[in-house]
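A.B. asks: Just need the whole structure built from these sequences, with the hints factored in.
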Amino acid sequence: MAATDRLSLREKIAYGAGDLGFNFYWTTISAFGLIFFTDVFGLDPLAAGTMLLISRVLDAFTDPVMGAVADRTRSRWGRFRPWIFGAAAPMAVLGVLCFFTPPFDHDGKLVYAYLTYNLLMIVYTVANIPYSALSGVMSADGQDRTTLNAFRFVGGFLGGTIVTYATPLLVKSFGGANPAQGWPIVMAIYGVVVVVIMALVVLNTRERISPPPQQASSPWRDIRDLFGNKPWLVLFALALVIMVTITLRMATSAYYMRYVVGREDLIGPFLTSYGVALAAGALLTPMMTKWIDKPRLMMILMGAVAVLSASFFVIPPDQIGLMFAVQILIGLCLGPKSPLAYAMYADAADYTEYRFGRRATAMTYAAATFSQKLGGALASYLIGAGLKAVDYVANGPQTVETKGIITVLMSLAPAAAALISVAVLLLYKLDKASMSAVSAELARRRAALEE
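Mapping the sequence shown onto the working numbering, position 330 (from 1) lands on 330, and the numbers just tick up by one.
Hint data in this document are derived by calculation from the structure and do not stem from the laboratory. Each hint should be verified, as a subset may be incorrect.
Here are the computed lysine to any residue pairs in the SDA-like style, where the Cα-Cα straight-line distance is at most 25 Å [what the hints assert, rightly or not]:
no., residue 1, residue 2
1, 230, 65
2, 403, 300
3, 403, 317
4, 432, 233
C.D. replies: Here you go:
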């Protein structure tokens, strides 16, 4: 099958299911990780935030390494799919260990958290970097890539919706008044589901684009090519600031509903409504990109996110319906963000091959994931540091100052990050016309090699 052949619906669904599986870990950590470590595990908020920051920074450096390894893998299953399935079972085991609360003192728990969380993130990287790169080699058609990534993130947002709705209920069901008992059981269930999903991904997808046969194999050359690729540099910065925007709101939501609104029972529905809106927004992406260039569409959406996020600063805590309405609108605006960004990463990989005659698909996606993890880590640290500064006390009544900082972290802080992302996008120059020229030239080169 040629790289230009259109993808089947079955293959798109199978690929999209993969991100559903990964979100049993990504969303669990993004939405509940910090509040788990402070209110269940028993860590000081600054210690927890610092642990997440340091661990994510260290983990981020494994992304380019894994990208280089995956790009150089050769097997009957291709370069990327063996890693996706091979890491699934270890990821399931480490997910349970990470959310187990040992009977240690604070320092002992902190060491345990560093160890298990870092191991989980390393194995997650081993599976997720090849998975992300897979979309860049399944088709060379630009619209097909956008559609494929829309399927991916519909799956991802569906997984996130399941996690945000089901996790609090399952933890309470299995743990009762002791959430520390419920968390490992929930993660064990999620682990089994993920192993099955990753097997389905591997069995129902194909890799169609290979590096040029004469391409030299050097990870340092791959990195040098990336830093000579201005569109990729813009995407690197963009992914970082957008992830700060998303993580600030998602990780703060549990604190906001519990301590500012006073409705802990609404944490699941609040995040679930957001997840459903994300999926709906992602589904609309292919239609919107037929009329608006990806970079311009991203700018419009992130500008709207900035305005909507800032509005949370003035919404009274008793206006539940208004909060949910704004939350849903933010989800609709952020839904297309991921399919757009990952289609743009594929464009950046094409541009690298176009300019330098070399292709490093996994390295391109790995470096993008690197910046996302840095953004998420920075947001988690900011939340932990903010809570520490106002003497946050887990599971107790909060001061006016504490409620104020939680509100800022939920509103003005992500709004500022969203505005920065709009400014970054002004530097991105790979529009639809540019990519048509790049794709035509690459198709000509590949045809010449086949003659």
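A.B. asks: Each hint needs a verdict: does it hold in this structure or not?
C.D. replies: How the hints compare with the structure:
no.: 1; hint: 230 x 65; in the structure: 21 Å, holds
no.: 2; hint: 403 x 300; in the structure: 31 Å, violated
no.: 3; hint: 403 x 317; in the structure: 11 Å, holds
no.: 4; hint: 432 x 233; in the structure: 19 Å, holds
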